[in-house]
Amino acid sequence: MSVSNMLENWSKFRHMHPVDDKPHEEYKWAMSIDLDACSGCNACSVACYAENNLPVVGKQKFDAGQQMHWMRIERYWDDDGREFPDQGAQFLPMLCQQCEAAPCETVCPVGATNHTADGLNSQVYNRCIGSRYCSANCPFKVRYFNWYDYPTTDNVWPAEMTQQLNPDVTVRGKGVMEKCTFCVQRLERAKNNARTEGRLVHDGEVQTACQQACPTGAITFGNLVEPESKIARQWAHQQVELAARDKQAKDEQEGGSDLRGYRIFEELRAYPSVMYLERVRESAI
Amino acid sequence: MEKDIRESIEWAKINGDVLKSLESPRPLFWVILVVALSMFGVGVGCEVYQYQIGMGVANLNNPQVWGLYIATFIFWIGMSHSGTLLSAILHLMHADWRKPIYRFAEAMTTFSLMTAGLFVMVHLGRLWQFYYAVPYPNERWVWPNFQSPLLWDAMAIFTYLSSSVIFLFIGMIPDLAICRDHLHPGWRKKLYTVLALGWEGTDRQWRNFRVTYLTVACFLIPLAVSVHSIVASDFAMSQQPGWHVTSFPPYFVAGALYSGCAAIITLFVILRYVFKFEEYMTLPILKKIVRLTFAIAMVWTYLNAVEFASVWYSHDEASKAVLIQKATGIYAPFWWMMNFCGSVVPFVMMIKRFQTSIPVMFAVSLLLNLGMWLERWMIVSPTFSHGYYPYLWDNNQWPTLVQWGIVFGSFGWFTLLFMGFCKLFPSVSMYEVKEMVYHRSLANKHVEQSLTMNVNELEEKGAH
Amino acid sequence: MSQHHILALFNNFDEAEAAVAELRASTIKGFSFDDLIMKSPIEHPEVESVLGERSANVQWFTLFGALFGGITAFTLIAGSQGNFFAQLKGGKPIIPIPADLVLTYEMFILGGVYITVLGFLICAGLPARRSKLYSSNVSEDQVGLLVKVEASAAATIKSIFTKHQALEIQEEAGK
Amino acid sequence: MIENSFNRRDFLKVLGWGGTAVALSACGNTSIQDGVETVVSYVELPEYAIPGISVYFNSTCAQCDAGCNITGRLREGRVLKLEGNASSDLNHGKMCGLGQAGVQAHYNPDRVREPLLRNGDKGEAIAWDKALGLINEKLAGVKGEEIAFLTGGVSGHVKVLLNNYLEALGTKNHYSYEAVSPSVVRAANKKAYGVEMPRLRIDKAKVIVSFGADFLGAWVSPVHFAQQYAKFRKANENGRGVLVQIESKMTLTGANADRWIPIRPGTEGIFALGVVNALGSAGLALPADIAAVSKSYDAERVTKDTGVSGEQVTKLAALLKERSPSLVIAGSAAEGYAHGSQNAAAIALLNRVLGNVGKTIEAPASVPFPQVTVSTGNRSAVQALNDSMTNGKVKVLFSLGANPVFTAPSALKFKENLSKVPFKVVFANFLDETALEADLVLPLDSALEDWGTSVPEYMGEASQLNITQPLMEKLHPNTRGMGDILLSLLKQRREKEYKDYEDFYSYLRSAIVKNKSALGGNGEDDDTFWTAALSTGMVHFTSAANSLSAKSSAAGLVLPPPAEEDSAYPLHLIPQVTASMRDGRNANQPWLQESPDPLTTIVWDSWVELHPKTAAKLGIVEGDIVEVTSRSGSIKAQAYLFPGIHPDAVSVPLGYGHVALGRWAKGVGANAFGILDQVVDKETGELALNETRVKISKTGKRVFIVKDEGAVGGSQAGVKIAVRASTDEVELSGEV
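So the protein lines, in turn, are chains A, B, C and D.
So for the first sequence, the numbering used here puts the first residue at 1; every next one is plus one.
So for the second sequence, the numbering used here puts the first residue at 1; every next one is plus one.
So for the third sequence, the numbering used here puts the first residue at 1; every next one is plus one.
So for the fourth sequence, the numbering used here puts the first residue at 1; every next one is plus one.
Heads up, some of the hints might be wrong.
[What the hints assert, rightly or not] Only some residues are given here: those of chain A computed to face chain D with a beta carbon under 8 Å:
hint, residue
1, W10
2, A37
3, F62
4, I73
5, A89
6, E160
7, C214
8, P215
9, L259
Don't read these hints as lab results, they were simulated from the structure.
Yeah, the Cβ is synthetic: ideal placement off N, Cα and C, and Gly gets one too.
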């Protein structure tokens with residue numbers, strides 16, 4: 001603890017709280033999901049199970065609402081009371097939104113969930129004591145708690161199944177909170193490689209598991225700081241800004257924008273890092 | 001009008017009556033003790049099972065991450081506020097009728113805080129890492145998150161619990177000296193000798209005692225308010241619809257005082273019956289607590305209505321949906337019962353005849369407590385089942401026997417502590433009853449004198 | 001000069017106060033009024049009108065304790081946050097003042113209560129060994145007056161006590 | 001019940017190590033003290049097992065017949081994850097959930113590990129030599145035509161060896177059986193375009209009209225189609241494509257359609273002709289033969305027969321006329337009827353009328369070696385086999401990659417007939433229902449341990465031969481690859497011919513290297529070519545393009561009127577092929593069981609989809625256990641009210657209801673194959689999957705359906721979560 005530490009590092013740490021005049025420095029990971037391309041096939045969800053050592057909880061625990069899908073595909077119907085959903089269903093892949101002002105972070109009593117320098121909402125499993133306040137405070141309910149000790153639960157990873165577990169990712173024991181990490185193990189590897197070569201991670205060098213699997217390429221992921229990255233261009237084109245909250249309000253006005261980009265619960269001012277693009281349906285038929 | 005206390009009670013009788021409560025217990029004591037122990041045992045068993053298998057056995061799930069544990073935690077925290085009300089607030093307001101009944105209320109404060117503290121632990125997914133939440137210097141320089149209302153909670157409870165224990169102890173020192181002086185030799189006498197700290201009742205001791213007692217009382221009042229405000233902040237500072245309401249802190253404090261008063265009535269009746277304290281825990285005092293309880297009940301009812309109204313007028317659809325769901329969803333029976341118990345039942349206390357009716361007030365107090373427990377449950381569970389995210393709405397899970405067992409066990413634990421206290425320490429403050437008797441008789445003397453003077457004056461006037 | 005300790009027990013405050021008043025008024029050689037200690041079963045502030053102002057300094061401990069608690073808390077919290085030992089939360093300043101004030105407030109009270117009680121123990125001289133001259137009646141219903149006098153004055157004092165209907169007089173020759 | 005014993009040591013461990021210990025204890029081979037695992041010294045590193053470094057090998061996905069190219073990620077010599085092979089023409093580095101679950105087929109604890117010989121009710125482990133010797137013994141004295149070989153779709157060099165073996169045995173009885181393959185569509189395509197599987201240019205079409213083809217979910221090559229679909233949806237030079245799906249039960253593709261049209265079951269052909277007629281009325285020139293067939297299908301008749309409003313037909317015709325090229329796809333909804341071939345033919349007419357043939361329907365790349373092309377499975381094979389078995393004409397039966405005991409309709413009494421075969425050999429990874437009936441079960445290597453080649457039925461841009469290579473050491477020492485087994489069996493017969501090949505790998509290598517000039521390796525030396533082939537996981541055939549022939553005539557096309565009401569069995573059963581369960585062979589992979597069905601979000605069970613209107617009529621609410629009874633049998637399952645289904649239809653997913661296949665499959669749901677009526681398509685003889693009529697009755701029991709969606713059932717409750725806009729409201733051009 002020292003005053004010099006404060007003085008030297010203050011400005012550096014300020015960047016973890018980006019405001020307009022102090023944006024992220026090197027990386028700000030962000031995602032966009034094109035709902036018009038998403039077909040709801042669940043490939044991303046299975047990829048997440050494979051990449052992140054998610055336990056298969058079985059029917060009984062699924063029934064109890066204790067499933068552990070970091071990426072869940074939600075299916076919605078229109079509420080317009082038609083006899084048939086003749087414009088199809090709407091699918092929405094829901095994952096941790098990696099909010100810039102994450103409601104979960106401030107409430108954790110032990111600081112197990114924090115903001116990282118590249119804009120991730122990190123979860124430190126070893127630090128977690130399982131108060132579940134973060135989940136209580138998450139508007140999206142995308143945090144998943146280890147209600148049981150899955151590594152020792154029957155038929156979760158029996159016998160040889162343990163060999164499939166990804167050694168880059170911890171297998172969580174009971175009583176800790178977990179959630180989508182944007183495949184932080186992949187990000188770290190890419191960053192390390194880039195650092196070794198004295199450069200920054202370039203666009204498309206790192207993919208999240210869900211993005212990699214997605215057959216329709218509905219998921220775009222990348223570094224928002226780099227203006228030429230696909231994700232940055234998408235965000236810019238859709239006029240969705242990380243630390244702003246007025247996009248939806250503007251869209252709703254008469255003559256507002258006819259762009260598809262939006263973020264869920266923008267009005268709660270959590271500033272999610274995941275942008276969705278509205279699903280489109282042909283008006284001619 | 002009947003008097004709060006008979007002024008002519010001999011001081012020695014006070015000592016004798018109260019010290020009698022410390023004598024060897026009757027068989028009934030052991031029966032209740034065994035019952036309480038087995039209740040506690042059930043709770044411990046459930047907790048061991050949950051510790052071993054995981055929180056999942058409590059049937060909590062993704063939106064319903066908190067359950068009866070947190071609800072009961074708030075309930076016990078609320079219970080604790082009565083002691084402070086009686087001993088600190090009424091002390092400052094010179095309401096001396098509190099004197100015969102504040103000691104057990106303060107003990108109740110301490111023990112319900114200890115019970116509440118257990119729930120913090122029971123609730124944790126990784127109980128064995130509980131100390132991570134404690135701000136202790138460690139070699140990695142990792143500190144807890146000082147912004148978390150949960151940490152404030154821990155700190156507030158610690159402060160409140162330790163201050164309450166100190167307050168209880170300080171206030172008991174003169175009584176401990178009495179116990180030391182008047183009990184038969186034995187291990188207890190040795191205990192009291194140590195605990196009495198060599199109290200002799202000298203003027204220097206009394207003088208400092210008075211200042212200290214007053215000062216600590218002054219600290220305890222804002223502390224008690226802050227404790228339940230902070231518990232309310234756990235909810236009000238979060239982003240759940242229905243919780244994010246600024247009226248939560250006063251609402252919680254009122255609820256706390258309310259349930260605390262109800263619990264005092266319950267224990268008042270029990271102690272009066274068990275220890276035959278009819279001379280001290282008199283019906284006029286009961287009447288006063290009942291009136292106080294009624295007043296608080298109305299404050300609570302008002303704040304309850306304020307909560308609904310502020311949700312209603314906020315035009316926040318999500319919060320409104322929570323409210324409607326509370327009144328119409330699957331929690332509706334409990335919600336309506338809570339409103340009935342909390343806002344309708346207290347009107348029984350308006351009826352003069354019932355204000356001093358022990359059985360009626362006992363029943364009412366139990367109903368009020370039930371209502372207040374339901375209130376806490378209705379704050380926690382229905383909100384989770386109707387958050388911002390409709391995809392997870394109504395994903396309800398009925399609490400399992402493990403949850404109920406631990407809640408049940410907490411009552412056993414509280415009973416154990418309270419029974420132990422009543423047998424070890426005087427549950428009526430002897431020295432303060434003496435003070436009360438003394439001051440009342442003094443006052444009476446004054447009144448008599450002035451009355452006599454008045455009569456004389458009248459006679460004189462009449463003579464003219 | 002040898003000192004005598006005398007304890008007289010009275011039935012009620014009126015008698016004790018009368019004795020005190022007389023002792024105060026009298027000028028007995030070898031007796032200082034400051035050596036008079038009153039022992040009573042209840043707190044009786046009215047007795048101070050005859051005992052005279054005697055100081056109680058607990059409030060200074062309180063002041064110190066409360067300030068110490070509050071300042072320590074804020075320094076510790078803000079220090080650890082400022083040095084990034086407490087992890088950063090997105091959307092919040094490094095040292096969030098309103099949040100930190102809550103714990104400062106709690107520590108303010110905690111410090112206040114603890115140090116006040118410490119002050120009480122120091123000021124009241126507790127814990128202490130019981131003095132030899134003590135009657136368990138004091139904790140029941142009698143008021144005791146304990147004086148320390150030189151042997152020469154003992155008789156005079158005793159006579160005053162007797163005059164005011166002392167129920168019992170204990171005496172001990174001390175150092 | 002406390003699930004694991006709680007002793008003092010564990011207690012201390014938990015206290016002392018906390019999460020770390022818990023985390024470590026699950027990381028695989030660390031439980032050395034149990035004596036179960038072996039310690040591997042890293043002084044002598046196994047090949048490619050570099051601690052901490054991931055290595056990647058390319059291979060081919062074996063989870064379905066699409067044959068996607070995959071890349072396996074390995075660490076310390078074990079496969080962790082399957083990813084798409086980025087250099088593939090088929091899946092371009094993408095992967096579906098089913099494919100990714102391939103690792104769970106590999107690591108599955110329920111795999112067969114030893115050759116098992118039937119001994120009463122039990123299987124007895126025997127040595128491979130003995131097992132292969134026994135086959136030889138049993139084949140002695142059996143006539144060639146009394147030997148049958150049942151397979152799923154096989155291709156590549158295993159097919160070559162298999163054919164050689166069959167030839168050596170002197171039999172032609174190769175039954176290639178797939179329970180849910182698009183076989184009627186294949187036949188119809190062959191008739192309409194001259195090829196069974198033309199290349200569908202979804203990406204080039206401006207409008208797609210799909211008659212129940214679930215090309216995004218489970219149809220033919222979904223990962224490939226999904227990528228084309230993504231291009232089709234982008235507002236590129238073609239504009240954003242419009243998808244219209246016509247089917248009786250909403251499939252995943254239907255859920256993604258711009259317009260989903262519920263149609264009375266079986267009337268898809270009528271609707272197609274109605275659209276043709278409407279196109280004619282809209283001014284499109286129709287060939288005379290087509291005009292003759294379609295002229296009576298005016299809007300009124302179409303509405304009456306199909307239940308779709310005439311306005312809808314007109315609108316669709318207008319759209320098709322306006323936006324060209326379009327693409328019309330006939331899928332399972334078209335083919336699953338007794339008149340399935342006619343339906344498919346009528347739908348194919350649309351493509352001809354709209355001029356799509358050659359534009360969005362292209363000739364597939366050809367394969368110059370017919371001996372390696374896929375022997376596409378069909379449903380009539382199992383009927384033929386069953387007939388032979390019934391007549392006692394089969395003395396020895398081999399089975400590979402098919403599970404007819406589970407998938408054949410109960411009317412065939414397949415299991416009963418199977419018992420008439422004196423000696424049954426099943427090559428299997430798992431003890432499925434068919435394997436349980438076998439006399440000899442030979443354990444196969446998993447697809448991640450085996451060598452092999454395959455030719456996908458549906459080619460992407462180029463014609464390719466996929467290579468399957470072991471991604472890791474064998475998990476169980478006593479399993480063998482199918483190629484090796486066939487080679488051993490062939491050596492029993494034709495020792496001289498095969499003695500040079502020590503194992504299947506050497507056979508494969510020499511077979512491929514020998515033909516390197518036709519595989520794009522002209523002029524390269526053998527080793528370079530082979531190494532390159534292995535590292536990319538595929539080789540491309542250099543071959544002439546195929547061509548389409550669109551000369552079919554509409555003459556003679558007769559569509560039956562809509563099915564009549566059947567008061568005893570009022571509802572049409574539409575068995576659905578879900579993307580993860582398919583025909584049920586992968587039901588033992590927990591990731592698939594736990595992935596919610598995209599449309600119902602139900603997990604770990606089967607369900608009965610009912611339109612809310614139908615359900616209301618029957619007094620059924622969600623979660624009621626209902627009995628679905630057909631003329632052939634009945635099953636019980638939970639009812640799920642689903643708006644995306646025609647009120648005349650009920651739908652039950654296939655693939656559930658195993659009575660074997662390991663811990664994750666056994667007892668989960670009900671087997672809908674069992675209640676299918678034995679009705680066949682008149683032209684092809686294929687089982688008509690959608691032709692079963694059923695009735696629904698309540699059993700009085702009710703359960704909470706285990707599903708992912710919340711109690712509000714996919715309503716957004718007025719909150720903006722998944723937002724939908726219509727094309728005239730959004731600006732799509734210029735999107736990144």
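Taking the least C-beta to C-beta distance, is A37(A) closer than 8 Å to chain D? With Cβ-Cβ at 5 Å, under 8 Å, it holds.
Once the shortest beta carbon distance from A89(A) to chain D is found, is it less than 8 Å? 4 Å, holds
Cut-off 8 Å, beta-carbon criterion: hint that L259(A) touches chain D: Hint on L259(A): holds, closest Cβ of chain D at ~6 Å, below 8 Å.
Is the interface hint for C214(A) satisfied, with its Cβ closer than 8 Å to some Cβ of chain D? Because about 7 Å separates C214(A) from the closest Cβ in chain D, which is inside the 8 Å limit, the hint holds.
Double-check F62(A) for me: the hint is only fine if its C-beta lies closer than 8 Å to a C-beta in chain D. 5 Å, holds
May I ask you to test the interface hint for W10(A) with respect to chain D, counting a Cβ-Cβ separation under 8 Å as satisfied? 32 Å, violated
A closest beta-carbon separation below 8 Å is what the hint needs, so does I73(A) meet it against chain D? Holds, because the Cβ-Cβ distance from I73(A) to chain D comes to roughly 6 Å (cut-off 8 Å).
With a cut-off of 8 Å, does the beta carbon of P215(A) approach a beta carbon of chain D closely enough for the hint to hold? 4 Å, holds
Could you check if E160(A) really has its C-beta closer than 8 Å to a C-beta on chain D? 4 Å, holds
Of the hints listed earlier, the one the structure fails to meet is number 1.
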